[in-house]
Every structure is written in structure tokens, then in C-alpha cells.
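The whole structure should be built from the sequences, with the hints applied where relevant.
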Amino acid sequence: MRLTRKEEKELVLRAKQGDSEAMTVIYKEFEQEILRAAFGITKNPDDAQDIAAEAFMTFFQTIDRFNTDYPIRPWLHRIMHNQANSMFRKKNRMITGGDYFDNYASENSSQTDENLFDEEEISLLKKAMNMLSEDEKKMLSLFYMEDFTIADLAITFCIPEGTVKSRLFNSRKKLAKKVQSCKKGGHVA
Amino acid sequence: MNICKKVEKWLQNHPQEMLPEWIQEHLETCSSCQQIVEVSSQLQAFSQAPKKAIQYTFKPALDWRIRNSIYTTADTIKNSNKHQKKATSRFQKGFVAAFSAVCLLIAMFFTIPVANQNTTFSLLLNEKFKEMIQMPSSPFFEEVDTLASVDDHLQFVRYYCETKEEREFLYSNNEDSRNRLLFVKFIGMQSDIPYVQIYQYAQKDLYFQAIQKAKLPLWKTWNEFASYLDQFTLLPGQPFESFDATVLSVDYTTGAIQTDVFPKPLFADYIIMQQVKPFKTYRFTIKTKSSKNNNIVALDLPLENDSSLQGKIVSIHKNSMYLDGFSEELFVSEKVLDGEKASSRLQKNDYVFIRATQTTQNQWVITSLSVLQEPSPRKITGTVAEVYRNGFVLDKLEMSFFSFSLSQKLSQRDIVTLEGMDYGTFFMVEDVISHIPFQEEKEEYYLASHNHKDDEPESLTTTPPKKTTSSTPPSSPRNITPDVPTESDIVVGIQEDQYYFLSGKVVSKDQLSQPLSVGESIRYKKEQNSFTIQRHFMNQSQVVQFTVEYLEKLPNGVDIYHSPQDGSRIYVFRSSIEEKENVSMFQGKVVSYGGIHIALQWRIFSFSTLVDIQAVITKEIEHQSLYQLDNGCVLKIDDLTEVQGTIQIGKTVKISGQYDQNVLKGYIVRVEKEIFLLQGEIVDWNEEEKWLLLDTGVVIQLNEATIFHGQGVFKEGTVVYCKVYVKDGQYIASDVSWEENSIPGTGDRI
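Heads up: the protein sequence lines correspond to chains G and A, in order. According to numbering that gives the first Met the number 0, the residues represented by the first sequence are 0 to 188, in order. According to numbering that gives the first Met the number 0, the residues represented by the second sequence are 0 to 749, in order.
Keep in mind the hints are simulated off the structure, nothing from the lab. Note that this is a predicted model, so its numbers are computed, not measured. Hints may be right or wrong, so weigh each one.
List of simulated lysine to aspartate or glutamate pairs, EDC-like, C-alpha gap at most 20 Å [what the hints assert, rightly or not]:
1. A:LYS504 x A:GLU551
2. G:LYS164 x A:GLU37
3. A:LYS81 x G:GLU135
4. G:LYS172 x A:GLU16
5. G:LYS164 x A:ASP204
6. G:LYS176 x A:ASP305
7. G:LYS176 x A:GLU37
8. G:LYS164 x A:GLU7
9. A:LYS653 x A:GLU673
10. A:LYS525 x A:ASP509
11. A:LYS672 x A:GLU687
12. A:LYS635 x A:GLU621
13. G:LYS42 x G:ASP134
14. G:LYS173 x A:ASP305
15. A:LYS58 x G:GLU30
16. A:LYS58 x G:GLU32
17. G:LYS172 x A:ASP305
18. A:LYS588 x A:GLU548
19. A:LYS81 x G:ASP18
20. A:LYS653 x A:ASP611
21. A:LYS504 x A:GLU526
22. A:LYS127 x A:ASP229
23. A:LYS77 x G:ASP134
24. G:LYS125 x G:GLU135
25. G:LYS126 x A:GLU37
26. A:LYS618 x A:ASP629
27. G:LYS125 x A:GLU37
Shown next, in the form of C-alpha cells:
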């Protein structure tokens, strides 16, 4: 069960007072999610561990300045993404080819309730997803797989909610085209 | 709006809701909408399916580090809280003592530094500033084609940060860097201190000190900056409007961006201004109802991807037109032309920029149209005053220059020759020749920060790109590729087998791929021990005369003089003057590139070494070069002599020059005006047009002084004596009197 907004706010208030227990709860709550997202970006478990750890440490070191009106998740994701950028710059390469959806692959897709998917459809969707830009992939995966709200995405990407909606829609539109193209065996540039 | 658009709008605003009936009905007939809905449902279902049980946990060592960080942070916060409580308790106990210390505290508040050169007052103020800077600002938007949001700052940052550490600080802290950078830019624009200095203060949150250093009024600057931030920040609940528009021009000096949607310009802050390019379409978000200007608070990808075209109208009909070089008929509705017909609003040969979309019937329909000034090819040389991400501004020239790739290599004070298309309000640069060699470090940052697409080498073309059929602007042709280090230089001198360059280099003729002349500006690629000339050209030479001061000698022996009048520099190869006086006169034939003059032929002298004589020309010995004077001397005029007036036989000349045996070499020759004395009775005169007609039929032009002195006295029938000279075939009065002997100097003047 995820923390409710109220619980989260209480934890942050306690953490701001120096309550290490509250900080630990926050850490454990988001550990998996941030690590998973970091792995999606880096595709390297060691790098993912490093940037996620740096993100957590940065977050806690500045917790006294954190505004309790904001949710924790998008901020943690932003910090983690900045850490990734910073690391890539040092290594003189860029964030490319994040395979976000692989991290969320169904355990056994044919057993889903409505039987909407078969293996072929999943692989088609993944293939099409990989043809999207990095930001488009990231936005779709956070929205659909990590249950980010529009407001969360607005904070994560630092854009207004209206723009989040339009970007989400454009990404889906593009994904639909790519899926069609993949079905025909062609390729959309 | 057709039904598909409505569906799109609904899907956009309700990404996760059940589809209403009207959409479901539409989906039965529309495959494209169906595809979008289908993929959305797939994603939705996929997200709800059971996930792989992949467990992500930290390694024990990292887990320990994070927990350790938690405990350390917790301890720090607790200690700080305890300290505050203790202080409060002590204050209560020692109330009397504290009261007596109040006066002392007040004095300390303003004057005594308590920490890091801060007084309590400045600490408080800096804290307030920090709050303002760290305020969750309205989102700033990455430019659509950059790879990572943090790189957006890179081009902006590098102009302000000298050290790597400073840059790294900004890269890793881009959470609040927008407002901080705006502070740096805001203060920098209002003062003479370099951006890097302001940045250093801002980096340490010493905003108060930065304002003090810039010698700006504190409260006024505070208020102005707060208002500046407010103008470009969208706070929760504030109304805004978003729309797609194509940029028609950007004015870097005012921040005004002209688009094809609004007749009035939009205004951008320093960061957004960095990102926009002419002829590119963006989705703008502006603040509404909160400001008289349309201030941009966000920049994003356009929702619609129309094609854009520009060119001359070759034929025009009631509701359609053809453009030069585009064979399809372009339909234009009256709505686009504010209710007017195309044939009445537009004319053949108008140069237009349009956005158009292709309908399902393959018709091209114009969605927006703007009439532009037809661009013309032009070449300009000047000094770079301010550099932006996609362009720059030249000194003393109110025009913005756009060069989407090459401007990255420029810095303030670089002298450049630009070739490109002049659009009247702005200039699209196609080629930049920098007269200061590029630095290697700049190249490195350029590469590190730029989209690889921009870095693809392009070939040099001389044909200006006039039409594009995509939403991207015409790319700037260039002949520099970032992966090939090239340098620019100017040939200042040639001696024996060696070339002497402006950069101080000496290069053997054998090392160059082709022969060069003095004054040529070159761009070359150095490979091992040879120099491949990639481009060379020379501006036209001209004869100039400056007062100069000797500045210094380059390592290769080239002398540099400085003109105090306009700040330009004159490069002279071996001026061979042993004792260089502080102030001298330079007379020479030069090739100029902005404020740099390369001397081809010259003489440098001081007036104290010249002889001054006045004589009458009696004979022309050689056409326009040798003259016999009435004092027996011969006057020699050469290419560098400054001649004021037209030398003719019988004319009196004042000569400043030097004797060479019996020949006087004229450095400055002034032909004296020929003065006549004319007498006559005024027949007519006109005060407005300033002339006088005498009874002899002569018309004399008056100047302001003579008109002023003659007010109320000039009248028909008065006899006057006029001292006149001839200019452009007209008699010009320099003095007017009613008595002959009063000219010059004595008697009553009118």
C-alpha cells in the first residue's frame, strides 16, 4: 500500500524536525521505485544504485528546506534524473535508449483478467515504445506504470499541467502510429 | 473544429476516463482516432497487469551510506533546534542584560559583520532574496530539440562562469538555477561588472553584496527584480493562455518576439529568449490579465505541425495564390486575412511567410500569413556586444543576428564579418568570419552541449535558402565543422618567405596551401606542420587618417597603434620608427575589419616635425601629383596625402609636409576658399529660403549668421557689399555689409 498524501505530509513534517525514523520510512517507501527508474535510465545496475543513492542522500540533506505542500515522489524523480544527467556528463555520454517498459513487463501476460494481451501484442507495444523519444517514454511509463498524476508529472518535468496533458496525448498519438507501423512491418521515421 | 479534433481534445483532457457515447460512435467510423484509443487502453491494461516480481534493493554498502546520511542529517537538524531553544531560554533569564544590549545590537545590525562579511541586516536581506530565488518558479521549458533539460542552461551558463567548478555547480543544481541566472543577468545588464563576479556572489547567496558591488540602489533593484521575476512567473491560479505561433523575429535588445499570430509582440525573459529561433513554431504560454504586455511564461512543442513556406507571390486570385518556387495552389480564407480577400489585401511580388496545412483532398490551406520585408544578401563587419544561444548582437547596431550554430563560438568583443540575409528587423547569418582565433575550450563546451544533429557538417552554399517546407528554419550554411579545429587570422605582413599574422604567428610560405596577400582574412585548418586555407577574402582598402597612440609590439614584430577617437587598432608591419611618440598621426591605406585596420601603406608622423607653408599653385607638372608653387618649390601629392578641396592653378594652398631636397611632400593640403566681394542693390530676398537677389542678377545664398544679422535690415533698394565664396556653383555669403570698407572687420555690419 502506498502512503496517502496525509501520511506523507506527516512524515515530511517529522523528518524536517530531525526524526530519523520518519526519514527511514520515506527511504524504504521509495527505494524500489527510484531504483527501478534509475535502472530504466542507466541500464546498468551499478550506475543505477549509485545515482539512486545520491538522489536519496541529496533529498535528506536538504529535507529541512523541503516544502510540505509538494509531494515527495516527483521531487525524488527529478533529483534522481539530475544525478543521472550529471553522471552521464562526467562519463561523456548522454541518456539514450532507456528501456523503461522492460522493468514493468507482465509476469504472465496471457493470464491477465480481460485477456487483452498476448505475447505478440506486448512485444509490439514495447517495440513501438522504444521508437519514442526519451522524454516521451519516460512520461508514459511514469504515468501508466508508476501511477504518477498529472500534477506529479508537472513537477517532475517542470512544465504546466496543461502541457503535461498535451505531451501525454501527443506521445500516445505517436505510439499509436508506431504500433500501426510495426504491425505493417514498416517503420515510421 | 471537426469531430476528430474534438475527440483529440477530449482525450487530451481526460487521459484516464471512460469514453463517452459520442466518442464511441465516432470510433466506429474513424480508424485514426480508434488507434489512439486502442493504444491508450493497451497501456492502461498493461499497467494494471501483475508485474514481474523484480526486487530492487540497495547494496548493503550503499544502504548503510544512505542510512548514515539520514542519521547525520537528523542529528544536525536536532542540534540546530536545541541551540535555538537554549538561546531563547538564556534570553528570558537575562532580560535586563538583553535590554541594555538592544542599542548595541541595532548598531551591529547594520554595521558589524557577523559571518562571511555579512551584517545581520545583509544576512536577513540575503535570506529574503534566497526565498525569492528559490520560489518554485513557473516551469521553464527545455528547448524541444535538446537532449537533456540540464543542457538548456549550458550555453547560457558558459558565458557567465569561468571555472569548471562553477559550471558544475549549476549543472547539478538546476532546481533553482533559472531564477539565480536571471538574477545574474538582471544585475549584469544594469552594471559594468562581469557576469562571473555577480555569479560568484549569487552562488554564495550574497545577493545584497552583489547589488552593492554593482553600485545599484538596494530597494529599487530589489523591487525591480521581484517585479521582473513576477512578470515571467506563472503562479498557481493565475490565468494563462496557450497557443501555437511561428516566430517571425526576435529582438534581443528588448526581448520582444514577433509572431504570426498576434500583431503585438510577446515578451520573453532572458532564458526563453535564448531558446527561440525565427521561423520556428512553438507552443507559447502567456500570462493573461496580469500584465499589459504578453509575457511568455512557457515554451513548448507545438500541437500542430504545419508546414511553413516563404517567398514572393507570383500570382494572386480571389482566395488563393501561388508562391515563387512552390507549384501547388495555396488557398487562403478571409479569416486568415482579417475578413479581406486575398486579391485586395495582398499584391503580386509581396514577400510572405505562411503556415499551411494539407487537407485530405490534398489541397494546401493557409493557416497564417504574414507579409515580410524581402530579405536581401548583405555583408556586415562589427564587434560582438552580447552573445545568446542562437544569435548575437553587434555593438552600435540595433539589429539581432541569428546564427544557430556558429554563434556558439563567439564571445563578447570578437570582431566578425557576417554574410547573410537581411530581413530588415533581423539578420539571418549564413557565414561568420571571426577575426579573433577561436579558443579550444569553447569548442569543447560547444560539442558537449549541443544536439548532435546540429553538429553534422554542412557544406558551404552561396545560394540563400528562401523556402522551407518544414517547420524548421533554414539551416545556416557554414564551412566550419566542430570536429575539425579551424582558426581565423589576418595577414599583416609578408617578408622574404614568411607571413606575419595578426595573432602574432609567423608562418613559412611553404607551410601554406596557397599564396596570400597582406590584409587577407583567412580561415585555416592546421594539420601537423601545414596550414590548409579553407577560406580567404579581403575587404576593400581605403585611405584613412587617425591620431594614434603606440600600444605594443606583437611577438612577431608587428606594431599595434590605438586610435583614441574610436578605439580602433591599427596593425603595422615593421613601422620602423625607433622612437614612438605618445601621440602621432597615422596616414595610410588600410584594409579594415570592424575596429581592426591592417596597414598596407602608411606613414606615421607628428605635427611638430612638419613644415607649414602657404603658397599659390602656378603650374601642374604631373597630373594630380606634382605642382609648381609660386615660392619656387615643387609640391608632391601621393596616394596618402589628405587633400581638402580641388587643387587648381591660381589657387592658394596651405601645406603641411616635409621637404625632400627641393620637393615638398604634402601630407595635408588644404585649398583655400576663393573669396569675392560683390556689390549690388537688393532686388528681392527670401528669408525662408535664405537667398538675396542683387540688381546685377547675382543670387547669393545666406547662412544662419548672415540671416540673423540682416533681420529687419534687408529690404529692396538697399545697397550691400557681400564677401562670398563659391561652392557647388553657388555664391555663399560669409559676410554682408553696407559699406565696402567695413569688410572684413571694420565699419558697421548690418
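### Query
Does LYS176 of chain G pair with ASP305 of chain A here, judged by a C-alpha cut-off of 20 Å?
holds, 18 Å
### Query
Hey, LYS58 of chain A versus GLU30 of chain G, does the alpha-carbon distance stay inside 20 Å?
Roughly 12 Å between the alpha carbons, so the hint for LYS58 of chain A and GLU30 of chain G holds.
### Query
For the pair supplied as a hint, LYS504 of chain A and GLU551 of chain A, is the alpha-carbon distance within the 20 Å limit?
holds, 15 Å
### Query
If you draw a straight line from the CA of LYS173 of chain G to the CA of ASP305 of chain A, is it 20 Å or shorter?
holds, 16 Å
### Task
Decide if the proposed pair is consistent with the structure: LYS81 of chain A and ASP18 of chain G, CA atoms, cutoff 20 Å inclusive.
holds, 14 Å
### Query
LYS164 of chain G and ASP204 of chain A: Cα distance at most 20 Å?
Given that 20 Å is the threshold and the Cα spacing comes to 36 Å, the pair is violated.
### Query
Keeping to a limit of 20 Å between CA atoms, is the pair of LYS77 of chain A and ASP134 of chain G held or broken?
The given pair, whose Cα atoms are some 40 Å apart, is violated under the 20 Å limit.
### Query
Given the proposed pairing of LYS126 of chain G with GLU37 of chain A, does the C-alpha separation stay at or below 20 Å?
Since the Cα atoms of LYS126 of chain G and GLU37 of chain A sit roughly 16 Å apart, the hinted pair holds (cutoff 20 Å).
### Given hint ASP305 of chain A paired with LYS172 of chain G - CA-CA distance at most 20 Å
holds, 17 Å
### Pair hint outcome, LYS672 of chain A versus GLU687 of chain A [Cα-Cα no greater than 20 Å]
violated, 26 Å
### Message
Between the alpha carbons of LYS125 of chain G and GLU37 of chain A, is the straight-line distance 20 Å or under?
### Response
With Cα atoms ~15 Å apart, LYS125 of chain G and GLU37 of chain A stay inside 20 Å; holds.
### Query
Is LYS81 of chain A within 20 Å of GLU135 of chain G, Cα to Cα?
Since the Cα atoms of LYS81 of chain A and GLU135 of chain G sit roughly 48 Å apart, the hinted pair is violated (cutoff 20 Å).
Hint violations for this structure: numbers 3, 5, 11, 23, all remaining hints satisfied.
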